[in-house]
Amino acid sequence: LRTATKKTEVGHELSPLSVMFTLEMCRAYSGWPENKNFHTDIDIAKKKGFLSVLVEASVSGAYINEILTRFFGAGWFKTGKLRLTFLRSVHPPQRLTAKGIVREKIEEDSGIRLVVEAWVENENEEKVTVATASALV
Amino acid sequence: MTWEDIEVGRECEPYEYVVTEEAVQGYLNALGIGNPWYTHDSPFGGPIAPGLISKSDAADPNWWFPFVDRSAFLHARSEFEFIHPLRVGKKVTVKGRWVEKYQKRDRNWATIEAVAVDEDGLIIVKSRTTHTV
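Each protein sequence line maps, in turn, to chains A and B.
Using our numbering, the first residue of the first sequence is number 1, and each one after it goes up by one.
Using our numbering, the first residue of the second sequence is number 1001, and each one after it goes up by one.
Treat the hints as calculated values from the structure; they're not laboratory data.
Below, computed lysine-lysine pairings styled on DSBU-like, alpha-carbon distance capped at 35 Å:
1) A:LYS99 - B:LYS1095
2) A:LYS105 - A:LYS81
3) A:LYS36 - B:LYS1095
4) A:LYS7 - B:LYS1126
5) B:LYS1101 - A:LYS127
6) B:LYS1104 - A:LYS127
7) A:LYS6 - B:LYS1126
8) B:LYS1126 - A:LYS105
9) A:LYS78 - B:LYS1090
10) A:LYS99 - A:LYS46
Throw the hints in and build the complete structure from the sequences for me.
Structure representation (structure tokens):
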């Protein structure tokens, strides 16, 4: 699972993760049918002015977190830092793809910290969430 | 209550949750992903929870909903610092406090910082979430 090492170079691309996120998944993630809101109920979403239900922003954060987990391995859970900024709304069904690239290597007392620029894009290749992440290797 | 009622520095009511095997499986199914570390074994000995399984401890609805206009509730940013993995089945206690509020682009914003600690006293994650209010 672990692919990041001290020898990982700036410019290394993380393995992407691509998922077709459906209405059923959106509802499951947001607690349907107990939770009826604009994340789960189409009528409520339309009354709020949306085209359809709105995917919770944290969904794209979860996909970014997963590619970072697979990249950094165990170190992610002990030294990982993640900053997410949510840019665009997502309506299902929508293919979401998480990607990342190593942008910087920083020497610290306890090791080398790799800094990753990561994002989730929709099927129009628009970034819906962007992130800066890092962990020790 | 509104944005004006948010007191920077005020602590939020702590809350607890347990990440069960069922919760992890439901989370993975909803996202359409799989990883044996979450369901079978990990380098830490036994399954661990995905890092963002709580979505963000600092975004707990019970802390935000008294103050927000839910129809215009915008999740803008979240930050996380992972300290220890959360083992599946452990109880987590989350403490938080309001750390800032400001106005920008005709919107009201506020931020909560939270710390999640497991039943053994290990800090799992520190988080920080900013929403429109």
